[in-house]
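Colleague: The residues making up each chain are set out below.
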Amino acid sequence: MRPAFCRPHPSCPDRTLTIQNDVQIETQGRPDSAPVPFGHFKDVRQSFKRSGQAPLVAIENISFDLKAGHLVTLLGPSGCGKTTFLKIVGGLISASSGTIQINGRDVAEPQPDFGVVFQQANLMPWRTVLKNVLFPMEILGRSDATATLRAKELLALVGLEGFEQSYPAQLSGGMQQRVALCRALIHKPKLLLMDEPFGALDELTRMEMQDLLLDIRVKTGATVMFVTHSISEAVYISDVVAVFSKRPSVIADYIAVDLPYPRSAEIRYFPEFTDLEHRAGRALGITR
Amino acid sequence: MTFRDVRNTIYPVIGITIVLLGWQLYTDLFGINRIVLPSPLDIVWASIANWEALLRESWPTFLESILGFALAVVIGIPFAVCVANSRVLNLTLYPILIATQSIPKVAVAPIILVWFGLGMQSKLVIAFLVAFFPIVVDTAAGMRATPAGLLELARSLRASPLQVFLKVQFPAALPFIFAGAKVAVTLAVIGAVIGEFIGSVGGLGNLLLTANSQLDSPLAWAALVWLSALGVLLFATVVIAERIVMPWSEVGHH
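Protein chains in written order, with this note's numbering: chain A, -14 to 273; chain B, 46 to 299.
So here's chain A without its partners, still in its complex pose:
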């Protein structure tokens, strides 16, 4: 049964914006019931060598599939290896063993066609907001008028119209993180990796940013992997919550979030919402 509302999926008809991402996958046209996974992670294991001690096993075994257009959150306690897993998926570090595939392609090194948002905005203080957003295009050698137009569109989308020529030092923390989000989206990434991007923000700004992210997903169709240790954040923004256990981590629970879109803050008080939070809490061993 398909809900009447529009899922953030590349095949969604409501996609005429130029900011739409180029998600090229082989699943288009196939029935929803048998999709080839966009992301495929199988028996991923990560251990770090330590001098004089047994190796530290950060990730015991993580396996799951990620659908195109979906947002999956990696939810887990501090130090459970969820950020490590995210970096493995981004090719920033390599796993000790296991299969990591995006679009059927093995990921073993950094992928320029992914976008990354870190906990800190990591903006360059010497660049204006617009130039910060254009940074990936410069590195990829695609900095042209079209790129500038898209950067301006993205900035308008996150509510930063008129700040193009400002410097990061003139912006608040939330605004800086919005710029970082635009920078991650500028080159139409196949996959957006977000490592606790709202973790350094205050609660109200954080909720605003969550709504912004939901909005951006509708408008760009971006596939997102999102690391957080906030249960409510995970349930609110996700299609799927992958709950990581304590180190050495395994998937403690894999929760499909069937809450309808568009989502707004009221949904946080729905019984379905709290049920999902409860389930995630149980998987984390916080509630019983």
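Hints are computed from structural coordinates only; laboratory data are not their basis.
Do not rely on the hints blindly, as some may be mistaken.
Claimed, not checked - In silico DMTMM-like cross-links for lysine to aspartate or glutamate, where the CA-CA straight-line distance does not exceed 25 angstroms: (1) B:K212 - A:E94; (2) A:K116 - B:E197; (3) A:K137 - A:D98.
Chain A is already provided as a structure; the job is to place chain B on it using the hints.
Modeller: Just chain B, lined up with the frame of chain A:
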């Protein structure tokens, strides 16, 4: 002009006025011998009476300082970049740099004079030697202080080493480089004067020594004031260059 601008102007002016007034009154009231301590007015009169000589002798000192400084920038920054980015070069060159730096430049100056003669070259070299070290140390520190997050971002986009250097590492190091340049430019003036003291045919240092030996203290003090003005001028030039090169450093520091 805001209240803040007025305040920022008026307090330094008040401070300087009090010092000069106290000095003037002290020399007048106690009848201090002007060879021992000329009054501010004596110095002003000496400055006016000898302005042609002071201006003429400022020129070589200015050139020695600015060229020595420029040489330190042109050689020091690439040197620091190499030292900071190469473990081998760092291990090879840094101890030599530290060792040579710990030799007092006044002690080296006579040797430099033997090598480069009494003319401008020897002063330029001494100015270069004293300005070189702060430029290298601060630039190298800046090269190593690139925020890890920016490097990871560049890595995630598979930026080439040259792109990382030009677009991330170097701009991130600019505040450090300018901090070093500000120290270096004032040191360059000191270097030039040291050279002129040891042996020269011109320059403000030479004029100062000559005036001193003739017990013309007001002129010696006037030369000192001009030297100070020269240092301030060069320092201000670096500050202005910093504002032009780094417009972002002026914004948002609230």
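Colleague: All hints are to be evaluated individually against the structure, with a verdict given for each.
Modeller: Cross-check of the supplied hints:
| no. | hint | in the structure |
| --- | --- | --- |
| 1 | B:K212 - A:E94 | holds (21 angstroms) |
| 2 | A:K116 - B:E197 | holds (18 angstroms) |
| 3 | A:K137 - A:D98 | holds (20 angstroms) |
Checked against the numbered hints above, the structure breaks none of them.
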